[in-house]
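Those protein sequences? They're chains P and X, same order as listed. Going by our numbering, the residue at position 355 of the first sequence is 366; the numbering climbs one at a time, nothing skipped. Going by our numbering, the residue at position 427 of the second sequence is 432; the numbering climbs one at a time, nothing skipped.
Just so you know, these hints were derived from the structure itself, not from any lab. Check the hints yourself; a few may be wrong.
The following residues of chain X were derived to be distant from chain P, with all beta-carbon distances above 10 Å [unchecked claim]:
no.: 1; residue: I142
no.: 2; residue: V190
no.: 3; residue: P207
no.: 4; residue: Y262
no.: 5; residue: F455
no.: 6; residue: L483
Examples of chain P residues toward chain X, derived with CB under 8 Å [stated by the list, open to error]:
no.: 7; residue: S37
no.: 8; residue: M38
no.: 9; residue: K39
no.: 10; residue: E40
no.: 11; residue: L44
no.: 12; residue: A45
no.: 13; residue: I46
no.: 14; residue: P69
no.: 15; residue: S70
no.: 16; residue: F72
no.: 17; residue: Y113
no.: 18; residue: G115
no.: 19; residue: H116
no.: 20; residue: S118
no.: 21; residue: S298
no.: 22; residue: T299
Positions of the beta carbon are idealized from the N, C-alpha and C atoms, including for glycine.
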Amino acid sequence: MNKHYLFRNVIILLIISSISITGCWSMKELNNLAIILATGIDRNNDGKILLTVQIARPSAFGGAGGKTAGYQENNVWVISETGDTVLDARKKLEQKVPRRVYWGHNSVLVVGKEMAQQDIRQAIDFFTRSTIVRETMWVVTARGKASELLNSHSQLETSSAQSVDKMIKSGVGVQLNLKDLSMTLASDGNPVLPAMELTPSGVPQGPGLEENLPEVKQGEQKQTMVHGEITITGSAVYKGEKLIGWLNMMETRGLLWLKKQIKRGFVTIPSIGDTDEKVTVRVTESSTNVEPYYDGEDIWIDVTIETEGDVLEHQSTVDLTKPENIYALDRKLSNEIKQSMLDVLNKAQDEYRVDIFGFGDIFHRKYVKDWVKIKNQWDDKFANAQVNITVKSDIRRSGLITK
Amino acid sequence: MTWFKKLNRRNKSGIENKNKVGGSQFTTDNLPQEASFGTELDGNMSLLKDVFKDCSDLIFREFIMAQRDQIKLALIYVDGLTNKSQVSEQIMRALSLELPVATENEEITKANAFHYVKMRGLCIHQIKESEKIWDAIDAILSGDTVLLVDGHATAIINGNREWESRGIEDSKTEVVIRGPREAFVETLLINTSMIRRKIKDPNLKIEMLKLGKRTKTDVALVYLKGIIKNELVKEAKKRLKKIEIDGVLESNYIEEYIVDTPRSPFSTVFNTDRPDRVAANLLEGRLAILVDGTPIVLTVPTFFIEIIQNPEDYYQNYQFSIAIRMLRIFTLFISLLVPPLYIAIIAYHQEMIPTPLLLSIAAQREAVPFPLFLEVLSMEIAFEILREAGLRLPRPAGQAVSIVGALIIGQAAVEAGLVAASTVIVVALTGIASFTVYYSGNLAIRLLRFPLMFLSAFLGLFGMISGVIFLVIHLASLRSFDMPYLSPLAPSRLSSLKDTAVRVPWWAMLNRPQQTSGANSRRIKPRQEP
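Pulled out of the complex, with its shape left as it was, chain X reads as follows (with noise of 0.2 Å):
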């Protein structure tokens, strides 16, 4: 590379710049937004150059163009980002030797070259033109490499990206046994890709933004035309169009600055990793955010019932769908209320429990040295550390973890007489239930089990009431793109009640659920059953 280094650095004088850029370096710090290439090669390069200074990964190549000495071309890219093999072949093999026998007996001057480059000469499936030298920084940052023409001041951009990537693998977030089993990965392409696939529909739009300063991050907006309601998909642009933030790593960089209510430990967007998810909100009118770079995508609206759904519930038979369903109504409540419940009646309303069971536990809890609260708020921290250690272990030593404690904790503190059995027992399941519904959904459930665990602990079961009351006062005050976030329930509509609480078959969920879908609400052909 370093020949490259040798090639003369001139001054800007050269370059024919309508826009006077002024200064003796030029950094994308001083550079115009409106800046546009010169024609004369060597000035534009060495610009690019001055951009690009102490940027190792940048490649700059300079060949001649058909054989021909007095047309030089330029190509620039950043190494690792562009197939190779396609910029030897399909781009300097091509203009530098297979066009010169095509053309045997053309003439090919300075003037039309750009022409026969484009026309020609390149062998790539996308180009784009652009005069303006942001777009080339960009595309070449981009992984598109870059094609000057000596005497043209229009850069041309090949799309030839493509870097390594991970391979499509299973969900990690939402598993399923019967179902598709993809999960998005992080190359927006792919992702949108296995969109496409599920849904091969013209309707379905996938516009472009970037999102960054920095960063420079693809966003896609995914919609069905038609089937969304028009005024989502522009709030959603709005919204996301006022962002200014610096780089955007995941999802939630951009989930944060969309929400309706960012104060709510409720989140009111949706995200999965899971297309075939994806692709049935959309069938819902509902709006997809993909960003490249993480596999999570974000849907909008969303809403509270989407908790306790699961995608494999549209997927086997409805009746043991709605089984499940209760189950996880059930253990919704069971990892929010468990804990308070239990510190409640145990620790003020006696009388609640049958005299065995109260004889018991009193037996259990005799050589307890601590008060129950205390007992079970170290129980429950105890049980969160371990879920954290088991998250964020290498996955070898994350079996330990689990060994350890739940021996150290099962057992040991039981046996030493520190933890009451029955304690144990209702952490136990209250961190078990809170596996069974939606993980990120359920992150709020976990947050607000402690301060409802105050709250028992200091007015017993009446500050538990309190607290529900105003959690669900709460809830229903949520907007998520100013639709309820507790619809279909509070507001509640019967129609759309046929995939909540149960899941309907099939053939009987004749409309898309009436919040997210506009005038265009049918799903299906009434009357199918077979």
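If we strip away everything but chain P, and leave its shape as in the complex, we get (with noise of 0.2 Å):
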């Protein structure tokens, strides 16, 4: 019956969306993009933007042939690029790179410690408006120029984007991505981001894997043989979108039990007794629990963590399968904690006056009309607030005992 009519119409629905929807016009063959690894973002003493990026070679990551047989190429290609705005260095980049800069797979966003300084919103902007690239990206602040940072290899991974996305993801320092990190702004919260630095970390994997390390770059630049790896080495403090100063390690540790961002890990102890032998334990469930309370005048909050354990180490002899000795252990352990928390809130109490555990938001949470009247000096409230923290710790395995 009408089964010709339907025929024709095809044809003219057909004829109809080539012309309005002309295809192809968004096709990008794979052989046409230059993938950028990870980005970098600089403010040079001009006070003009350093872009730099890292490029795949894909001819170099080998394919199906056995080309990386004697020698590894450098399967990134980084290159930088000055302007006034993001966009402007990367208009100028076109210049240099032959294919279509594509963002989608920047899984990495340096900020250098001058940009970071001055106003990290400028460098995260383009990345937040633009639609192609990911939110998911991780922010880190480097702790010299980004640039320097991207001129990188990983002995492990393809690339060092790569092994910095892992590494981020693993949980050794602060997570935070470019979605959470413009949230936090636009909250005017204060970020804190993984701060990250070359460090020599033993010897080049074959001819073009030398590293331009700060320290050793100056004079004899190809004759080093170190290989520097990007670390993560503590978190960067930002008040608002400005850089205010740097958290090690140990501090960065503090910062995670009182953020709830520590589930698992390692805590290492001085044992039992007046000796300096030490007993690491592994944590295998932690909670935290952090309670804010305010009588309209002073603020104090009451951080509650409760944690379990196994010996997974121990340099002394001393028989834990006697509970006093496990008991003692496990005031030693919520004395560790709590020592690495105290640690990090006292410095920012004291030397940034800034809050970076998120307590405004729990505040906030319980308190939804005082912190309407509060909210703008909560950073001095908090830095005066009393902090009560509790550990309670738990050894339940002690391991295999040996005497």
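Two chains, two frames, a set of hints: combine them into the complex.
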């Protein structure tokens, strides 16, 4: 009956759509893409933005053939360009890069120290607006220049960008992706980003893989036999959009405890008695409870942490089958955890006077009306707040006893 | 045979033909449908000889009955289509030598000869009588032996067909590990007997009709009365009777006449060469159409879900069957969607791939000089060439083709940098996956992969999804003998889903499929779980 009409209609539909939605416009052949793995933003001395990108070199990945036999090729290309804005620099970058610059797989955004001290917002603005860029990319702060950090290799991963990505995912340091960072900034929070730098890590595994380590670079650039690997060396503390200071790794762990971000990990504590011998405990379970109180004047915050752990390494020969020894270890473990938190807390309260723990959010949730009043002076309030930390540790398994 | 030819050729005046036949010579073109035999044997003979002029495989044998010269008989049959020993022993010997011994004292005249021939002389298990010349011609051509008695206008048609035929062999289209191996053959009667052996029920009806003006192919309609819906039988007969075709050499000749939607790539008539599958379909209230000369039997109605069903699903552990069906559904999607998906994602939506995978694919594609679509398309075509060559080549050469093909396409092309290894994987996976589902049903999937590839090459995922939506709409609009092609999925009934993506154990399959079974839908007694 109307089968022929159907056929005709389909033809008409195809003709119309071929005019209105012309195909192929968004086609990007893989061979025409410059896949950016990591991006670095620096502020130059002259005030311009220095954009550094780490571009994958697919031909160096080997693919099907065994190209990597013998020596390792550098499989990324690190290139920098200056500009007034990030996009301005990118535009100039296109004069050097023959392929279409593609940000879709950018997993790390490194912000250099100078840039961060000035305003991190200017560094991330383009990335938060762009539709192609992933909002889940990690934002890290370089302790030096981002361009130097990116000009590096990973001995295990195919690129240092992937190495950073995996390292952050493993939960060694703080984790903050672009989306969370912009949300923190939008809600007047104080972000804490992982701080990274190149550290000497063994020797380079082949020609072309020497690193430009900042401290050994001068003069004897190519003779150095030191490989630099991007390393997490703590955290960067921001007050709003400005970098104001750093935390070392110990303080970072304290921060993670307070931010409820540690579920498991290792804690090394002195063993029982007056010795230098140490015990390493693996924390298997942990819960953090933060409870703020406000009486209209003062703020005090109760932090309760309950952990469970196993003894995994023990240098002394104390008999851990005795309950009193285990209890003593429990107390030491509690003290250690508490101390690491107190360290970072003191630094945040006294030195930086910035709430980096997200206590403000917890307070907001509990005292909705009061928050409106003290919002603007929260950092002061926080700096003067009394924080009571209680840690309850419970070592469950002492491991194989050899006495 | 030369002595036949010497038999005098007379003019047609001797024939007592009620329906005046004009012209001096009879051929099949001017012989009227109702023309009947005359009483004169000579006239009948010469008429048949005219009809079968230049047919050297026809045998005309005249002899006398019971040693009485005045009673002449004639046998007409096709050499090679009849059982020759039966013709000489049970017909000629019986009539000319044994009958006189048995009837020594009886008087056999020309007038009562027919009675003696039919009731006492012939030792043939199945005979028919007909006065129509056309009946006799059809019978002769079908392999029956026609016996004409002088003085009588009725031909006796002896059913002693016998010809060389292929033995019953394993099924070639659907192979099973556990289950009956036998497959249909080219001879219709053997095929019907195979079904009858499986279903010993007087309700199993086998209705015969002839199709094809020239080939006069026997076509059998087989169904289980009481289970099948009567309208289905009526509808099938109606559609079959409408067919006017000169020849039917394979069941597809009929299939293309009786489908509901002739312009769809999806066939709404199911075909198989397995008697067990036909029997199972009959038990579910479907109708089988057997065509003489082909082992492929049609069953109607059919549903889309049959693509992923295999006879073995019913012969093995049901949990395993469920797992295998899930796998087939998966492979169905693979064989339809993986190449378009690959094109769409690699050429448009690189964001969707994990970074290490993207880098790996990028590395493989780095040296490839063609656009991705061209690369995938050419590989798909190469695979289809290999598949076709493997099918058509003489068997000993087939192996060589597959080895050379695998070497060239799998390895050399990749090493030469013409094709990315990932593309080879995609194409090979697609090709292998398409073999796991029912072959004929899969043809449409194989074909539709290409338009979908075009769509995703021009419009990315948007194009592919549009194509899939269009495909689903099309599938939902299909009917197989007025039953929805997508049932029992759409329209869906929970009770009918027991034999779709899953296959429940036999004691739980209480009802026949809702769509095909009429009022009598209960299959087994409930609560039989052991």
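Hint-by-hint comparison with the structure:
{"no.": "1", "hint": "I142", "in the structure": "41 Å, holds"}
{"no.": "2", "hint": "V190", "in the structure": "38 Å, holds"}
{"no.": "3", "hint": "P207", "in the structure": "41 Å, holds"}
{"no.": "4", "hint": "Y262", "in the structure": "16 Å, holds"}
{"no.": "5", "hint": "F455", "in the structure": "16 Å, holds"}
{"no.": "6", "hint": "L483", "in the structure": "12 Å, holds"}
{"no.": "7", "hint": "S37", "in the structure": "6 Å, holds"}
{"no.": "8", "hint": "M38", "in the structure": "5 Å, holds"}
{"no.": "9", "hint": "K39", "in the structure": "7 Å, holds"}
{"no.": "10", "hint": "E40", "in the structure": "6 Å, holds"}
{"no.": "11", "hint": "L44", "in the structure": "7 Å, holds"}
{"no.": "12", "hint": "A45", "in the structure": "10 Å, violated"}
{"no.": "13", "hint": "I46", "in the structure": "6 Å, holds"}
{"no.": "14", "hint": "P69", "in the structure": "4 Å, holds"}
{"no.": "15", "hint": "S70", "in the structure": "5 Å, holds"}
{"no.": "16", "hint": "F72", "in the structure": "4 Å, holds"}
{"no.": "17", "hint": "Y113", "in the structure": "7 Å, holds"}
{"no.": "18", "hint": "G115", "in the structure": "4 Å, holds"}
{"no.": "19", "hint": "H116", "in the structure": "5 Å, holds"}
{"no.": "20", "hint": "S118", "in the structure": "6 Å, holds"}
{"no.": "21", "hint": "S298", "in the structure": "33 Å, violated"}
{"no.": "22", "hint": "T299", "in the structure": "32 Å, violated"}
Of the numbered hints stated above, those contradicted by the structure are hints 12, 21 and 22, listed in ascending order.
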